[in-house]
Amino acid sequence: MKKYEHTSPTSVQDAVKLLSAQNARACAGGTDLIGIMKEGLLPTDRLVDLKTIKGLDYIKEDGGELKIGALTKLSTIAASDVVNTKAPALAEAAARVASPQIRNMGTLGGNMAQKVRCWYFREFERADCYKRNGNYCYAILGLSDLHAIFDGAACFAVQPSDTSTALSALGATVVINGKDGERNVAIDDFYIGPDVDYLRETVLAQDDIITEVRIPASALGRPSVFIKAAPRKTIDFARASVAVLIDANPVGSIRLTLGAVAPTPHRAKDAEDFLKGKSLSADNIAQAATLAVKNAKPLATNGYKVDLVQGLVRQALTRLAS
Amino acid sequence: MSENDTELQDPIEPDGSGDEGLSRRRLVLGGLAAVATVAVSTASLARGSTAAAAQIQSKGVIVSDPSLCVGCLACEVNCSTWHASVGRSSEPRIRIVSDPSVKLAPKVAAYLPGRAGNSPQTCKQCPTAWCQPNCPTTGLSVDASTGVRYINEQDCIACGKCEVDCPVEWNGTLVRKGQKIDSKRVSYDPVLNVYNKCDLCRGREGGPICVERCPVNVAVRAGYIQSDHLALDVKPSTEEQWKRLV
Amino acid sequence: MGKKFSQARILQMLDDPDFQLLSAEYPDLYADEIEAMNDYVRSITPALPEWVKGAAPKSQQQLKFVGTKVKRIEDPARLTGNGVYASDVQLPGMLYGYIVRSPYAHATITAIDTSAAEALPGVRAVLTYKNAPQTKIGTNPDKFVVNQEAHCAGDEVAAVAAEDPHTAREAAELIKITWQELPGVAADIKAAMAAGAPALIAPNISNYSAGTPVKRGDFDSAYGSASLKYEQTYTTATLQHTPLERHCTVARWEGPDRLVMWASSQYMSSVRSSLASYFGMPRSHVRVLSENVGGGFGSKGGAQRDAYIAAVLAQMTQRPVKVYFDRPGNFRTSVHRYAEIMSLKAGLAGGNTINAYRLDAIGDGGANKGGTSSLPPVQRVYTAGNAFFQETNVITNRGQSGPMRCVGDPQGTWAQEIFIDELAEKAGMNPLDFRLKNIAEVDQDHENRKWNSCGLRDCATKVATAIGWSSKWHKPAGKINGRKAHGIGIALHACGHGSMSLPMTCVVRLDRDGSLDVNNGLTEIGGGQSTAAMIIAAETVGVKLTDASASWNDTGFTPDAGVTAGSRGTISSGSAVRNAALDLKAQLLQIATSGAKPMLNAKPEDCDTGDGYAFVKADPSQKVKLADVANSTGNPVIGRGTHVVPPNTSMSVFSAGATEVEVDLDTGEVTILSYVGANDVGQAINRLGVEQQMEGGIVMGMGMGLWEEMKYEAQHNFPVNWNWENYPIPTTLDTPKWANFQTIIVEPIDAIGPYGAKGVGEPPISPPPPALANAIYNAIGVRIYDAPLSRDKVLAAIKKMK
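If you read the sequences in order, they're chains A, B and C.
For the first sequence, counting from 1, position 297 maps to 297 in our numbering; every step adds exactly one.
For the second sequence, counting from 1, position 7 maps to 7 in our numbering; every step adds exactly one.
For the third sequence, counting from 1, position 569 maps to 569 in our numbering; every step adds exactly one.
No lab work stands behind these hints, which were simulated from the structure alone.
Keep in mind that this is a model prediction, so the values were computed, not measured.
We put the CB at the ideal spot given by N, CA and C, even for glycine.
Incorrect hints may have been included.
Here are the simulated distance ranges between beta carbons [claimed, not checked]:
#: 1; chain 1: B; residue 1: Gly172; chain 2: C; residue 2: Asn204; range: 56 to 62 Å
#: 2; chain 1: C; residue 1: Gly122; chain 2: A; residue 2: His6; range: 18 to 24 Å
#: 3; chain 1: C; residue 1: Leu733; chain 2: A; residue 2: Thr290; range: 31 to 37 Å
#: 4; chain 1: B; residue 1: Glu240; chain 2: C; residue 2: Arg327; range: 55 to 61 Å
#: 5; chain 1: C; residue 1: Glu163; chain 2: A; residue 2: Asp189; range: 46 to 52 Å
#: 6; chain 1: A; residue 1: Asp62; chain 2: C; residue 2: Ala119; range: 55 to 61 Å
#: 7; chain 1: A; residue 1: Asp189; chain 2: C; residue 2: Ile480; range: 53 to 59 Å
Under 7 Å between C-beta atoms, here's a sample of chain A residues computed to sit facing chain B [to be verified]:
#: 8; residue: Glu39
#: 9; residue: Pro43
#: 10; residue: Ala154
Turn these sequences into a full structure, and let the hints steer you where they fit.
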């Protein structure tokens, strides 16, 4: 790893200031960033260690919303009674991130803002790929097992965060602090595709940090579910995942998000629209699963994701129906 | 669609002396543009000179073979990125439109059977530049040297006459997120409040970025996909060519 | 078969650790050489007196330590973090090496600029093909320590030594290389065999060569007249060893011609001889230490590139140098398990008897033309009077192929056991019954000689009984509950690993204080062979286990005992230990019963030893401490032993596995509900060690079956998943629940190995992949022929379900 300056701010404002320097990077649990730095994928001159900021790890109900500090560890979220009761999809997603060791280090904010896992971006040293500020996507005509079946645009890497899928279904709001102070961004707007900017996966600027995630009252205590499919059940990144929130059965309102199949958490709006006003019968579930992949355009070796997503949607809706 | 034309040597390769349309804005932007050496002609800022040039045919036009297109949107994204990097509108000037009737050529289908049905479309660089004469400023110009019809965005007052005059529409639904599109091939960018259209990456060393970076083109050039022509290419803009363009 | 060798050639082979390595990993390929060497050594080794041999316990009941569960003496240091691995070694003034690797599958360097790297503060040496010693390191194609031409992505082309690892890596990145890419083949093995394929090594070297076929009877006519014919092609992937401790060597020059190396190696004596010959020094001037090795699985056979580069950088800088591959480097270089394409063909006679059997296999020899073979299981497990088996070895620009746990046999077993399952179905038989009907229990390629021992049938029936085969097997896709399909599968396996191979030597020493030590030259890589050696020596000499120990980590004091590979540690090296211990025992009894005032008034053949005493068999109260016996000479007593295989011996190791799976029809997820593995180990020396080896092998086999696969991309001839993220290996949490994971030790007692033991390190890895494939078939009724059984393939198979 190349030399860098390590800084330990004690306030959000300090952190934002420190992050304005050239190639400054925010580091929470570091489980993703340190690997990226070792591989030289992100030039880093200054590391801003957010862990020294006190008071950003909490889970609380406040004003009807569930508020989770960005530095809350994934293992804490997975074990939290209130999250398990009020927003089970998020608890399940946090529990399925990586391994116990990584969940003990990794934070909610860090998980949401992690870099993509495309194997060309990470491993192919010759890759002058878009994520490396190059001009080619090797996955398009190469091996795309990990890649997007929806919304790929020039770059086909997928959003790897499990919590992002759950938070999308839960309709969360992301509280961001930056040089202009605090702002709230709806989860649907938080993630951006490569068509907007292929060098970033979120709206976060270099000197922005996530400070809090809010789950709205409308989602709390409602049935929600998160299911993930990965090579091993114990550690891997999702090859596909699904998170669903419904208000009731028959369905009045629903948010159905697919993970790891698109550059951003992918709302399956056709399936959502279809299910509104319907009961979760076996037939309706089957139709919704088909609609969820209606617009899928698989590459050479990720066609299995089309089947996988349908299976996951069926499983998730079946669980909510029972 | 088959393209067998051969006389295609860099029809729009920039040559510094011909780059008379260099904008005031680009001068301000300085080093951002890829144009290295330009001679600034004050005459080029006069309306008369561009009107006279309007009858020149464009040396080049972007042509596509939908049967080689896998809808990856690299053309759109790179079009946006490059134009934004030189201070122009970041709206893509080339769009991939859904066309369920398009089948993939076997050599492409062998790799990507699931990605047929794409039709890349952009400005056809009409032999008669319909978009140009009613432009009240020097916004819509014709490059005196290459004949490229292009928009000086800093001169564009967003009156919309060029779009009204443009004879070609995008046809249908964009591959990108399934959005409907109903504008002409000269289209409006609400962010910068300007119109934009394909300018064949005027001023870019290496020619149009979409042609350079289309991954199918890359694979064809590398011999990985056997094809005697590219998915996206620059061809001389002839009357005959124009008729064939979608 | 039956090749003859000159004495000079035999001596050369005996003295050549590289050959020892090859023949241990490919015992079938080098059967003639092994036999010739054994014949020669047997003819020159003094025979032990018959009475000493006869003193061995007659039955398992008489054994004190052998066959019990003994905590491994190697483990406490490792488990507490106190064990020193090569990667832990820190020496005063030590520098750190970092290696520059080719990003291309096949390319040559047209220009290289090291000035920026050399200018970086802290850099002490930069090694490229321009300043590397012009001595080959003897692989094919011939290579120098670093090279101008790269034959696989990851090939070593330059190295840096610097004061700290980060500087070394930064300097490596500062080396500017201009590459000229050359035509290569990595994604599609068969492309290297196609007409017009580029010459991958040199214009005059063919990319492929067909091995000598193994023939029996007349395959063609038997196949022609078969009542039922079937053929199918099976493939396996390129696999990685990924040992926890990556390749590592620390080299230190002590003067201009004395070299000491701390090596993470499976064969320290080979590292010694290879480096001695590389630097043109006597072997005695090189000392290699391998106290603890964090896994090898075949990838650390002899001196690997880390050893050469460390030694050269240390020579350049006159400072100790550590070269410790990082994980990406470990994935990129060293050897890999070779991919195989195997076409099987069989003709049944009488409806359910295999009469004609043929295998045409293509093995990916990789960049440096590693040997390939997938034949042994296909030769051994089933009776086939008319057979034709042939392996073709292909050079490609994948990483160098080489041995990995059981070498090519899991590949052959993958093909054969799915094929046999299919044959059973076509013959209308239960897969277990069809197997038991066609099982072979003789060495068909050596005049149908009886195997020295054969527990194959036992292994098969025991795993079937333990898993409940008769009640649980059902018709394919016959047990689907909701969206979960239950399946059960079985696979058998046999191979030459764990049978006897080369002659080897050992020294066992009884000190004057009664301590027994085995000077075991076998490198201890985690298999527990040192504990096994200690058990054998204590049992044989007759001392308490607490008075025994084993030393293994230093070529400075241990004789060459061969490579720790081929599942041969306990059996072959153990046999030398036993002979050395018998020699020691004979000497002790001679001393105790001779002299002016003998300590025991009896002939040596009427005495025995036990519990640290020598005693008269007829009157055990007449006894003397072995320590006193040794002390009476004023010297330690040293027993020497050489192990050789008796002539005309056929040995084989057998294994079976059965598994139950649940396939989720929505997501294609495969859950292993239970696994039962059985191994014929002859006689367990350390029962605990055997169980551990079986469990480890089975879990590794599950990885091969379900996930592991290097994925090569055709357009860039490049593997995309050289890391643990996308090359998933099983974690502890991925194994079946402990209660449903069972190992069965089958002990038919082999007369040749020490106390009848055979090896166990490798064969347990082979049955799991095809057992899983067969179980998935039983669950969903659709076959998958290509390993691994990854999600995409299972989902595609589910789509084909009726």
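- Query: Holds or violated: Pro43(A) as interface residue toward chain B, Cβ cutoff 7 Å?
  - Reply: violated, 19 Å
- Range hint 53 to 59 Å: satisfied by the CB atoms of Asp189(A) and Ile480(C)? At 44 Å between Cβs, range violated.
- Query: If you check the beta carbons of Asp62(A) and Ala119(C), does the distance land in 55 to 61 Å?
  - Reply: holds, 58 Å
- Have a go at the Glu39(A) hint: is there a Cβ in chain B nearer than 7 Å to its own Cβ? violated, 24 Å
- Query: Is 46 to 52 Å right for how far apart the beta carbons of Glu163(C) and Asp189(A) are?
  - Reply: holds, 49 Å
- Is it true that the C-beta distance of Gly122(C) to His6(A) lies inside 18 to 24 Å, as the hint says? holds, 20 Å
- Is the interface hint for Ala154(A) satisfied, with its Cβ closer than 7 Å to some Cβ of chain B? Interface hint status for Ala154(A): holds (4 Å vs cutoff 7 Å).
- Consistency of beta-carbon spacing, Thr290(A) to Leu733(C), with hint 31 to 37 Å: holds, 34 Å
- Item | 55 to 61 Å as the expected CB spacing between Arg327(C) and Glu240(B), which holds or is violated | The hinted range 55 to 61 Å holds for Glu240(B) and Arg327(C), with Cβ atoms some 59 Å apart.
- Query: Is 56 to 62 Å a correct range for the gap between the Cβ atoms of Gly172(B) and Asn204(C)?
  - Reply: holds, 60 Å
The structure fails to meet hints 7, 8 and 9 from the earlier list, while all remaining hints are met.
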